[in-house]
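*Asks:* The primary structure of each chain is shown beneath.
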Amino acid sequence: KQEVTQIPAALSVPEGENLVLNCSFTDSAIYNLQWFRQDPGKGLTSLLLIQSSQREQTSGRLNASLDKSSGRSTLYIAASQPGDSATYLCAVRPRASSNYKLTFGKGTLLTVNP
Amino acid sequence: SAVISQKPSRDICQRGTSLTIQCQVDSQVTMMFWYRQQPGQSLTLIATANQGSEATYESGFVIDKFPISRPNLTFSTLTVSNMSPEDSSIYLCSFINQETQYFGPGTRLLVL
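In order, the protein sequences belong to chains X and R.
So the mapping is simple: this note's numbering equals the position in the first sequence, first residue as 1, plus 1.
Here this note's numbering is used: position 21 in the second sequence is 4, and no number is missing along the way.
Keep in mind that the hints were calculated from the coordinates and are not lab data.
The beta carbon of each residue, even a glycine, is placed where N, CA and C say it ideally should be.
Worth double-checking, as some hints may not be accurate.
[Stated by the list, open to error] Derived DEER-like restraints, expressed as beta-carbon distance ranges:
1) X:S99 with R:I46: 17 to 27 Å
2) X:N114 with R:N33: 38 to 48 Å
3) X:S13 with R:N55: 39 to 49 Å
4) R:M14 with X:Q55: 17 to 27 Å
[Said to hold, decoys possible] Cut-off 30 Å, straight-line C-alpha distance, at most; resulting in silico cross-link-like pairs (DSSO-like, lysine-lysine):
5) X:K43 with X:K2
6) X:K69 with R:K48
7) R:K48 with X:K107
8) X:K2 with X:K69
9) R:K(-10) with X:K107
10) X:K43 with R:K(-10)
11) R:K(-10) with X:K102
12) X:K2 with R:K48
13) R:K(-10) with X:K69
[Unchecked claim] Derived contacts from chain X toward chain R, CB cut-off under 10 Å, selection only:
14) I8
15) N33
16) Q35
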C-alpha cells in the first residue's frame, strides 16, 4: 500500500528566503507525481506535474525534483513571498495506466512572513 | 484548462439527513473523481465516476452511503446519505486533463 509522507508538517520563513519542501513515498512504482497548493477555504491548485521518467520540472519560482528510486520529491520555492503562504500537497499516481487514484500526503503548511 | 465548480460551497446539516453535492466542468471529461478530506487528514479517493456506467468505489466506501450520478460528460453529483458527525469533511470533485489532475473548490460539510 502506497504511503506518502511530507516533512515538515509546518514551516514559517521570512519573506525572500529560499525553501525546500519534502515528499517521500514508499512504493517507487509510480506513473507520476503532482504538487498542489491549497489555500484556506479553497480547493487544490495544481503547481507541477513530474512524469516518472523525468527528474525535474520548473514553473517560475518553483522547481520540483523527483528521485523515483529513492522514493523522494522536493519542491523548491525561490525568493518566497507572503502570497506563497498555503498548504502544499504532493500526490503520487500508481504505475498501472488504468489506475488514476492519487495517494496524497498530509501536506506542509507554509507561512511566509513579511 | 477547464473550469470546475461545485455547489454548495459549504453546508451545515443535521445527522440522519442527506446532502447532494453537484460538480460541473465547462468541458467534456471522460472520468470524474470524488475525494474526501477529513479534518487534519490527507485527501482520500471515494469513487471514480464514468458517464453511462456505475461508479467504481474505493475500499471503505459503499454506494448506499455515497451514491453518485454521472448523467453526462460535464456533470456529476455525490450524495452523502444518512449523515453522522464523522462525515464532516471537505468533499472535492476532480478530473484529469493531459495527465494533470484538477480539483474543484470543494464543499465544506459540517454535520451536527
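*Asks:* Now look at each hint and say whether the structure bears it out.
*Replies:* The hints, checked one at a time:
| no. | hint | result |
| --- | --- | --- |
| 1 | X:S99 with R:I46: 17 to 27 Å | holds, 21 Å |
| 2 | X:N114 with R:N33: 38 to 48 Å | holds, 46 Å |
| 3 | X:S13 with R:N55: 39 to 49 Å | holds, 46 Å |
| 4 | R:M14 with X:Q55: 17 to 27 Å | holds, 23 Å |
| 5 | X:K43 with X:K2 | holds, 29 Å |
| 6 | X:K69 with R:K48 | violated, 37 Å |
| 7 | R:K48 with X:K107 | holds, 25 Å |
| 8 | X:K2 with X:K69 | holds, 16 Å |
| 9 | R:K(-10) with X:K107 | holds, 25 Å |
| 10 | X:K43 with R:K(-10) | holds, 13 Å |
| 11 | R:K(-10) with X:K102 | holds, 23 Å |
| 12 | X:K2 with R:K48 | holds, 24 Å |
| 13 | R:K(-10) with X:K69 | violated, 38 Å |
| 14 | I8 | violated, 14 Å |
| 15 | N33 | holds, 6 Å |
| 16 | Q35 | holds, 6 Å |
When held up to the earlier numbered hints, the structure conflicts with 6, 13 and 14 and fits the remainder.
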